[in-house]
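Protein chains: 2
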Amino acid sequence: MSAPRRISILGATGSVGLATLDLVSRAPEGAYRIIALTANRNAADLAKLARRHGAQFAAVADPAAGAALEEALSGSGVRCGAGPEAIIEAAAMDAGWVMAAIVGAAGLRPAMAAIETGAVIALANKECLVCAGDLFMQAAGRRGAAVLPVDSEHNAVFQALNAGQKGHVRRIVLTASGGPFLNWPLERMRLARVEDALAHPVWSMGDKISIDSATMMNKGLEVIEACRLFDLSPAQVDVVVHPQSIIHGMVEYQDGSLIAQMGSPDMRIPIAAALAWPERMPTPAARLDLAAVGRLDFMAPDPERFPALDLARAALEAGEGATAALNAANEVAVEAFLNERIGLLDICAAVADALETAEAEETLPKRFSGFDQVFDVDARARRLAMAAIARRESQRG
Amino acid sequence: MSAPRRISILGATGSVGLATLDLVSRAPEGAYRIIALTANRNAADLAKLARRHGAQFAAVADPAAGAALEEALSGSGVRCGAGPEAIIEAAAMDAGWVMAAIVGAAGLRPAMAAIETGAVIALANKECLVCAGDLFMQAAGRRGAAVLPVDSEHNAVFQALNAGQKGHVRRIVLTASGGPFLNWPLERMRLARVEDALAHPVWSMGDKISIDSATMMNKGLEVIEACRLFDLSPAQVDVVVHPQSIIHGMVEYQDGSLIAQMGSPDMRIPIAAALAWPERMPTPAARLDLAAVGRLDFMAPDPERFPALDLARAALEAGEGATAALNAANEVAVEAFLNERIGLLDICAAVADALETAEAEETLPKRFSGFDQVFDVDARARRLAMAAIARRESQRG
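For the record, the sequence lines run as chains E and Z.
Its first residue numbered 670, the first sequence is counted upward by one per residue in this note's numbering.
Its first residue numbered 670, the second sequence is counted upward by one per residue in this note's numbering.
Bound-form chain E, shown alone:
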């Protein structure tokens, strides 16, 4: 029997972290050894997971949750930590495989710390690529760290790329479910409520990503990710709306063959593909029965009702500063929508406003030289988005 694979999970209490641990639980005894688990502030759940899986180290990002974690783990033998530096410490431990599933820009430094160890990185954090893709991929290249995407679309493309060689790729296609507003006319979308936007037809996800899916900003961010992850030009990354979300992604080769990865909408499939890579492992995901599914639909995205895609492509053409600003402004605008301060269509409008101002200020570098610059652009874009939101709020009255 081979030695256990040493794995750490950054963001263990979120849906991706829990799905990863679910697969670990189902694997043969001794296949995995859990090194570190981290959470934002959910000390109770993190402590339970750390005990159940015999983790070496558990850390919460929020210093205020440190005492609760320590108490919950007392006598368990699991070492504890709290605060951003504890998360970095967890990421830098000696694991061969690290799931980077911390949501948002907070995931950047921990993911980079994991990269620096040379571990295989299963990447569920979009911001690493959207905000600092080149820094990130360069570091991975330097350390020989494999970066395996866990997003179902990118994981699909990653799998399909194994059926050929990079030099023979014509383009890739990411599928988009179209979200809950796929068939809503523009006027109705204007009045969409938060609960309408959270009612995703296929995937059950967190609030932020559900809203991104409803505006299709999620797909825009994924186009940016794909270009950086797979080293493709923006023109090589297409999007097709596919409401059933059965085909997750495709690669078109120069002979006209499209290789697609399909599967039930169950995150355990792409996570398993990353966890077992370059092997595969069984999962409890429902088997795909195409005859039972009956039909798969495809349509072009509508740029009028879903301007986020074009916004993302424009940012991609403009450079790394613009994509980081896009991401930051969008986070702020989504939050404002969730708090019912602005309407659904205001999200993209506010992001566009913020980007326009930032571009006029000439504060968006074509390429980032380091993380500090990333965080500066991020902070400035947030302020600009807040101002844009405030203007829209006052107009709305």
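To be clear, the hints were calculated from the coordinates, so they are not data collected in a lab.
None of these values were measured; they are calculated from a predicted model.
Mixed in with the good hints, there may be bad ones.
When chains are identical, the list treats them as one kind, so a pair holds in a single copy or across two.
Straight-line Cα separation of at most 20 Å, SDA-like style, residue types lysine to any residue; simulated pairs [stated by the list, open to error]: (1) 835 to 810; (2) 717 to 740; (3) 835 to 956; (4) 835 to 945; (5) 835 to 947; (6) 835 to 951; (7) 835 to 905; (8) 717 to 746; (9) 835 to 946; (10) 717 to 702; (11) 717 to 743; (12) 835 to 807; (13) 877 to 849; (14) 717 to 694.
Chain Z: place on chain E using the hints.
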């Protein structure tokens, strides 16, 4: 620049042969060197192709066509041959890549001669695998000859298998267009005319394969082929009806990922995949635009209206003798249908009759020991099918 790839095409004047030469014509000057071209009896077309591509050797299977070929090639510098032995000679020439596209059992010995040279074999001849799959694959294994399927379904599976490892395959899925009678009720199918059966909705093919597609015997033969080519158990090969024929084949891995190959219905795509293998080459095939296609449908095959699939699976379980007899009896029955001697539904009924009698005679070996045995079973099954057809003809009045 690398040395030209030395290629031969057995069955050069058929649709697969012509499509292969079309790709060769579009390739950069000097990429390919044509060694041998063969045809059944179409000396005029063969001579034109041999001159155009500067073949070393051209051969017709029909000795009666030899003189015409010689005349048409006089002064060209292309050496000529006629008769079955000339085809074997062509197959055994020193080519690194051989397209085996001779239709029917006549293709067996030439394909085996090509295998014996250790060349890469692009296999478009079903009979090699349906009638003598194990002999064939064993010889290929012994000689280290790669066998690349050219059938769009098997080529799709071959491509999708590159995205994983054989040991992680759960099953494969072949798609079936369903043919022209997909939505005909049984009673109407009983009265189907030859022209109805030849009107295939997607692919433009020869008469024999069009009829096989209409009865779905084609898919039954493909299930047999797939088991032998990919070394799978019959339970690992599923069929799903997919009228648009956009997805050609799929591989399901144990994690729940299905890897599919899709493309426009253009034979040049799978041929190019075999011709350029393990690289890829550009083709002029129409690019697949899924948004323009709009939808893909899937349904389970109907065993009542299309009994050929179950017939083929039963033969596969029975052994090599049964699959060879199935193929031979089907050829005879299709010919009788094309000659309007029997109805569409009589094809499978006659094949079932012939197989039943052959099984009762205990003349169907579980495994073949050599080609002579294959040809004996083939000849006997043809006689039994003729008798079954005669009985049905007399009943029909």
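Against the structure shown, which of the earlier numbered hints fail to hold, in ascending order?
When the structure is compared with the hints, none of them turns out to be violated.
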